[in-house]
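Here is what each chain is made of, one letter per residue.
Number of protein chains: 4
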Amino acid sequence: MHGFAFSTEVRVRFAETDAQGIAHHASFVVWLEVARVAYLERHAGGYRAIRDKGIEALTTEVCLRYHRAAYFDETLTVWARCGDLRGARFTYEYRIERDGELVADGYSRHATVDRATYLPTRVPDWLAEAIATAEASSS
Amino acid sequence: MHGFAFSTEVRVRFAETDAQGIAHHASFVVWLEVARVAYLERHAGGYRAIRDKGIEALTTEVCLRYHRAAYFDETLTVWARCGDLRGARFTYEYRIERDGELVADGYSRHATVDRATYLPTRVPDWLAEAIATAEASSS
Amino acid sequence: MHGFAFSTEVRVRFAETDAQGIAHHASFVVWLEVARVAYLERHAGGYRAIRDKGIEALTTEVCLRYHRAAYFDETLTVWARCGDLRGARFTYEYRIERDGELVADGYSRHATVDRATYLPTRVPDWLAEAIATAEASSS
Amino acid sequence: MHGFAFSTEVRVRFAETDAQGIAHHASFVVWLEVARVAYLERHAGGYRAIRDKGIEALTTEVCLRYHRAAYFDETLTVWARCGDLRGARFTYEYRIERDGELVADGYSRHATVDRATYLPTRVPDWLAEAIATAEASSS
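Taken in sequence, the protein lines are chains A, B, C and D. Take the first sequence: its letter number 137 is residue 768 in this note's numbering, and every next letter is one higher. Take the second sequence: its letter number 35 is residue 666 in this note's numbering, and every next letter is one higher. Take the third sequence: its letter number 79 is residue 710 in this note's numbering, and every next letter is one higher. Take the fourth sequence: its letter number 114 is residue 745 in this note's numbering, and every next letter is one higher.
All the given hints hold, so there is nothing to weed out.
Put simply, identical chains are the same to the list, so a pair is met inside one copy or across any two.
Here are the simulated SDA-like cross-link-like pairs (lysine to any residue), alpha carbons at most 20 Å apart as the crow flies:
1. Lys684 / Gly718
2. Lys684 / Glu672
3. Lys684 / His674
4. Lys684 / Pro755
5. Lys684 / Phe645
6. Lys684 / Ala759
7. Lys684 / Tyr702
8. Lys684 / Arg753
9. Lys684 / Val668
10. Lys684 / Ala742
11. Lys684 / Gly652
12. Lys684 / Glu705
The set of hints was computed from the structure by calculation and includes no laboratory data.
Using the sequences and the hints, build the whole thing.
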């Protein structure tokens, strides 16, 4: 049991492969973002809604461990969960699988800022509550 | 004689290759942009200067013909020239070479818009003159 | 009536946007490829099947006209049709729409080569027939 | 004193920015690779030479902390050092600066495999020695 309730799927694009014949490792970083966007759409009205409310979420850290190569046209499942909300900061954890087999895992950290000033601003209560509800229902 | 006076160099990044073992065809579109930015830096105070003056240049068309494959770590020369300025529109032509051999050629069309309204706005005189001077000196 | 029978959808990723706040024009080139891969999967057993049979399809030309900007998180419909098969060459035409509105259109040209030698090789009959059948049923 | 002897420069491309108006965080992962390629060219005959000798270096982990945003057209200095060679594994550490100011730092881990079998293979002695010499001369 890996404890993730949310997942989304990505299909490896040919443009995301490299001359080693595998998905380039930077492509995975983009897939994590795709998963965050899908997560927020499911649980918090969407990332655009957050931006429309004057908040921008910056990425402050990303870490990925690659366990197996991924190949062109494969469908990967990106599991994601959000937590560790404190003030303006929160963390996502990820697990990327192919047919239940671990391909990569990692985490990213984020900070919310005011879109006008780019100064740190607390994660708004409605968003914190939406995430808390989402994660509570999954455990 | 191919009639280009300006060129810049790009080095093929590993991330720009694909599982065919060659530079992915979409990477070339980015290199054209790198060449435009370098061209404007040389001739018109830089693209940032243009943006700082409240103008945004949109890409309205791009066409590329690929004559030979490009490979990881190769140095390519991107020749570029600008012309056909009319109102809010202008065109770039390109020729990408490796050691004098044609790798790709093409063109892109652009339109200047006001950064605040995104409505079309004439290419400002100072920019049109800088480009005219640059191209006159090259012919 | 635009005469396309096949389409696939793409969702604009945040990583595909640029500092103009819109989808970067090179992202569209990748979406055309996503559409070709989906087209071949529907009609010809998939692009991987083609590669597994020792054939590689190179891109020899790509042209795109951008009519409207596309924005983060929008769902775009990429219409694609294949035709003009002659020897080792074929052409795709595209129309990218958002809610029925034209965002971009264009075409790409391709050549089939032998995966071992990278010499041109005729589009195999089974593939030509699969495409002919697909396009005949759509008209 | 940060203890790095090798650096290379990257210029932020417009295609590498996103709708937040800054360089997208996945772009940094590509820049680390650009730095590794430049490092190997300086110290070990180039990455292509390594591939030509039948060895492929896979990325098994990448971690980045983003301290400041980077913007279009900025020149960034990517400091890199290699170490921790054990069997088939080695590590790079990085520090990305703009005018001496820390923009991001991180590390990546790699494993060498045989290009034909993709099985782990020890880092060859000539490469280990080239790296040891490079790093010894820098401390």
